[in-house]
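> Sequence:
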Amino acid sequence: MASWDFVTLDVFTDRPFGGNPLAVFPAGEGLTDADMRALAREFGYSETSFVFPPTDPVNTARARIFTPRGEVPFAGHPTIGTAFVLAQLGRDLADTVALEEEAGLVSVHVQRNAQGKPTGGLVAAPRSLSVGIEVPIEEVAECIRLQEADIRTVAHPPLVASVGLDFVICELTSLNALARATPNSAAFRETADRYPEIAGHFALHLYVRDPSDPGSIRSRTFSPLLGVPEDPATGSASAALAGLLVSLAPGEDVELGFEIAQGEEIGRPSRILASASKSAEGAIRASLAGDCVPVMRGQVDL
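Under my numbering, think of the first position of the sequence shown as 1, with each following residue one higher.
Worth flagging that the hints you see were computed from the coordinates, not collected in a lab.
By construction, the Cβ of each residue, glycine as well, lies at the ideal position given by its N, Cα and C atoms.
Just to be clear, a hint being listed does not mean it is correct.
[What the hints assert, rightly or not] Computed beta-carbon distance windows for the label pairs:
#1 Leu159 - Gly44: 29 to 37 Å
#2 Pro16 - Ser247: 34 to 42 Å
#3 Ser185 - Gly90: 39 to 47 Å
#4 Gly298 - Leu248: 43 to 51 Å
#5 Asp213 - Gln147: 46 to 54 Å
#6 Pro294 - Pro53: 33 to 41 Å
#7 Pro53 - Val131: 51 to 59 Å
#8 Asp213 - Asp301: 49 to 57 Å
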């Protein structure tokens with residue numbers, strides 16, 4: 001029987017039991033794909049991260065990220081949380097952690113307090129913004145048990161956007177509508193089956209902008225087909241949303257920042273800082289930042 005150490009932490013919060021919980025295995029050598037899938041299901045968090053030696057020694061580590069249903073190429077809170085754990089172990093170089101992920105090489109700047117202890121991270125998304133298919137509002141409304149009138153399409157229709165992981169992004173008309181949203185798993189499955197482009201990863205990211213402060217956003221993310229009925233804080237979706245909003249902003253050289261509150265409806269208040277920029281060259285790059293708080297540590301015997 002072999003043993004593997006793990007730690008858990010809450011990401012996108014500065015206090016325990018908020019934000020998005022994450023389990024990290026800082027030395028995953030010897031774990032099989034089946035082991036990692038089983039451990040991710042056992043923890044039941046949105047994601048669990050497993051760390052391996054890098055394929056290129058100039059990088060810090062290779063990170064593999066699993067939801068309870070399978071592996072994903074990139075996710076925000078596991079990337080920041082994994083970098084935080086490695087920094088605690090002294091494995092960062094000049095406050096930078098370079099992680100090889102399926103979506104590409106991701107560089108995380110480690111944020112520290114006045115005493116030099118890691119407090120969180122800032123990560124640039126591994127890919128520039130890409131925009132995919134539109135999803136009809138009647139189908140989105142069915143997926144979250146809302147009325148079509150609750151969906152706002154002035155800026156954009158519900159559509160797929162990605163900076164490393166695909167999300168269907170949808171603006172709602174009010175905080176009341178956001179609070180009433182409830183996932184309909186059968187409708188999620190029917191919609192995923194109807195559109196091959198999202199069949200492998202149909203996650204729906206809803207948001208409402210504050211009319212008096214467009215940089216202030218409330219959001220929720222539902223992905224029941226991935227084993228995550230509601231995600232407390234979704235960094236990759238927040239980065240994609242920031243990129244999408246910058247793509248719609250007038251002008252060629254634009255940089256915008258957003259403070260995104262998520263998780264309030266399920267008792268896991270989270271704070272995500274997301275930003276994006278575009279230039280005349282056309283590529284739209286996004287980044288996100290957040291705090292981390294250690295919670296538990298332990299050992300798994302297999």
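> Taking the hints in turn, state whether each one holds.
Going down the list of hints, with the structure as the test:
Checked against the hint of 29 to 37 Å, the pair Leu159 and Gly44 passes, with Cβ atoms roughly 30 Å apart. At about 36 Å, the beta-carbon gap between Pro16 and Ser247 stays in the expected band of 34 to 42 Å. For the pair Ser185 and Gly90, the beta carbons lie near 43 Å from each other, so the given range of 39 to 47 Å is met. In this structure the hint that Gly298 and Leu248 lie 43 to 51 Å apart at CB holds, the actual value being about 45 Å.
Remark: the range hint 46 to 54 Å for Asp213 to Gln147 is contradicted by a beta-carbon distance near 26 Å. Between Pro294 and Pro53 the CB atoms are about 23 Å apart, so this pair departs from the stated range of 33 to 41 Å. Evaluation of the 51 to 59 Å hint for Pro53 and Val131 yields a failure: the beta carbon distance comes to about 36 Å. The hint said 49 to 57 Å for the Cβ distance between Asp213 and Asp301, and at roughly 50 Å that hint holds.
Violated hints, listed in ascending order, are 5, 6 and 7; each of the other numbered hints is respected by the structure.
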